[in-house]
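Below are the chains, spelled out letter by letter.
2 protein chains.
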Amino acid sequence: MLNWNIRSSHKVQPDSKFFEEAVGAYQKTLSSPEIGFFRLPENRELINETKKVFEHFKHKKYFVHIGIGGSALGPEMLLSALGNGSGVEFVFINNIDPDDLCRKLEKINIKECLIYVVSKSGTTAETVAAMSILINMLTDCGIKEEDFKEYFVFCTDPVKGELRKLSQEWGVKTLDIPSNIGGRFSVLTPVGLLPALFAGIAAADILEGAEDIQKHLIDSKIGQDFFNLAFWIKDLHDKGIRQTVMMPYSSLLKDYSAWFVQLWAESLGKEEKGLTPIPAYGATDQHSQMQLFMEGPKDKVLMLIEVEKFQRDFPLKNNLKGESFKNLSSFCLSQLMKAEFEGTLTALQENGRHVVHLKIPSLQEEYVGQLILFAECLTVMVGELLKVDPFNQPGVEAGKKYANQWLKNHQ
Amino acid sequence: MLNWNIRSSHKVQPDSKFFEEAVGAYQKTLSSPEIGFFRLPENRELINETKKVFEHFKHKKYFVHIGIGGSALGPEMLLSALGNGSGVEFVFINNIDPDDLCRKLEKINIKECLIYVVSKSGTTAETVAAMSILINMLTDCGIKEEDFKEYFVFCTDPVKGELRKLSQEWGVKTLDIPSNIGGRFSVLTPVGLLPALFAGIAAADILEGAEDIQKHLIDSKIGQDFFNLAFWIKDLHDKGIRQTVMMPYSSLLKDYSAWFVQLWAESLGKEEKGLTPIPAYGATDQHSQMQLFMEGPKDKVLMLIEVEKFQRDFPLKNNLKGESFKNLSSFCLSQLMKAEFEGTLTALQENGRHVVHLKIPSLQEEYVGQLILFAECLTVMVGELLKVDPFNQPGVEAGKKYANQWLKNHQ
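Top to bottom, those sequences are chains A and B.
The first sequence begins at 0 in numbering that gives the first Met the number 0 and counts up by one.
The second sequence begins at 0 in numbering that gives the first Met the number 0 and counts up by one.
It cannot be assumed that every hint is accurate.
Copies of the same chain look alike in the list, so a pair counts if it fits in one copy or across any two.
[What the hints assert, rightly or not] With a straight-line Cα cutoff of 20 Å, these simulated PhoX-like cross-link-like pairs (lysine-lysine) come out:
(1) K358 / K50
(2) K220 / K51
(3) K60 / K106
(4) K60 / K220
(5) K325 / K159
(6) K400 / K220
(7) K60 / K214
(8) K50 / K172
(9) K297 / K238
(10) K57 / K220
(11) K272 / K164
(12) K386 / K325
None of these hints come from the bench; they were simulated from the model.
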């Protein structure tokens, strides 16, 4: 099971009344019908529906995923972490950069594509734009509107929005993002599950792993540790320590950091409050950001994730004369990773930095599921403690308004 | 030419004495023989040497790049920004994650590889480890040590270190990282130039672009603007605004942000001082980090990079009924990008955020060269203003020491 330890000289004595109130508010939030992410792991209907769609389209050669923000970061993370063990080629269209899109579209044969359009609202401008381009590509190949249902799958709100309407018009198979789940909490819905199935990932095991930790996070000893962790983060926030580094020691979890960045930034950053997430990954960032983390301002909490056992390994045996080669010759690559992890952890602590040591037994479906639910729940708990609403994002509306204005002025 | 504008209500009146001193120190630094990066664009010897090596090995099918930190981030950035227009396949080994390495090595045929080992010191543990693994792969294929010179090219200090020694022993072609250039300032040396040539990038044009801006950054009107920008950043730092967001509106410049992160973090983060870089890219991060940037604490300077003209474009013409589709139907994709850029810039300013609007005419070699030299010089100038040495990285030694200890204890 995922576990964690605070490695810092900073200790907290929560004011018990405040603490109880926060725990109460948190548990109330999780049991509210408006909030759905916490109960997702038990919801096997969604995965069953997703599997049906997968079965229908599994002969496809390319999986083109159109989505941005929470509609992309979750699936990208699952594929990086757990790998693509199938023969299907993936293309993620997660931006509106024409040069980037051009490079990506050069790789596919549109006639062999499944195009998965993901948008909760069904009106996201970037997603609508990319979809229009793909429609034009299909049309240019002589494919008619009545056959679009063989190329598209949508993933959107069960009732509302333009994608839902279009799905009825075209007869396109459409998966639900339940109404009570926002984009950044949606990875365990069909948003993430369908691409996972196409990549040969045991999607059901992700849900099972998440379910394993789910109950523990609201009661039992683990729950107590969890509340203490959230309270400790909040207490450091009050003392001006307002940056949160997420640093797995794994290249394959680099995208977990990117996913976490949205979750943490968008949920907590409002009303001039918030904790700023900093993505990193080890050992690589020891040669980039670590100087700052080690000796810069003491304004960060560092969450280091250790993967206890890698699935593959490489002996470093060699007969070269140089000291650096000799020094490594009796080890395996995973031991060097372990040494660097331990070395950095010790040095950070010695330098008076605030570290959380997270550990998963290996990079397998169930533990990725646990990492996901853990981060989501931690975000909500810290939100309750900071007294911000972790589920809204009012700050992105103004930019959209001005963008629309620009378009109107350039019609 | 690259240009920039401060878009913020915060104005500075530099104390003229302090300002003059800082400019003087900066110019002295750049003309010091110990500091080489600033004069790199004029140094055509390095590129000529690099071209010779490229000519010798250009028949290779795979380019395996082994390096970490500054030995990897620069070349990765060049390839993302400018594309791989050649038939050569690239593999970057920039970490010691066994599972990740396994995925990467599965893609190559070792007999058709050029293995480019990049390490200034020639003793970087991660690089030595990866190199040992590749040596074992060659040996397992029956390739003898006397033939290694047909598979390896090294890039290291001109005199010192184990790679240099090994290059003599094996007769391996070896390119120089000049002694007066540190890893994070090395992208315009063979570190970045050799992979660029293999990718079909006009490497000489990158240098020419950098040379175009070089002189301007120490005198003329542009130089004055530049010093003012650095001073403005320093002044905001003194007022507690100590995070620097780098946000190009381009997927292809996402890795420019990653490269900038090392430059900024490792150069400025020391003695409990420093500015924390935050990587981002638009429009994608409008759906992730923008909520925090817009409404979180006012502790950030945001550098937004606009690419004025994309090289490709896509019409968004469609005949769908939904409002969101109709709204876009008369535009091209690049116009939507422009609209979102302008919309976000306006909203950020309106929200009292501190923005720098950088602009390049297009994503071509010369402008990438300008972006590189601009960021390097800005880093040094801000370092002078903060009175830190931007060229050292003392804070990573302790971690290395403890890592070595761990290895000794587990011999």
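I'd like to know which numbered hints this structure contradicts. Please list them from smallest to largest. 1, 2, 4, 6, 7, 10, 11, 12
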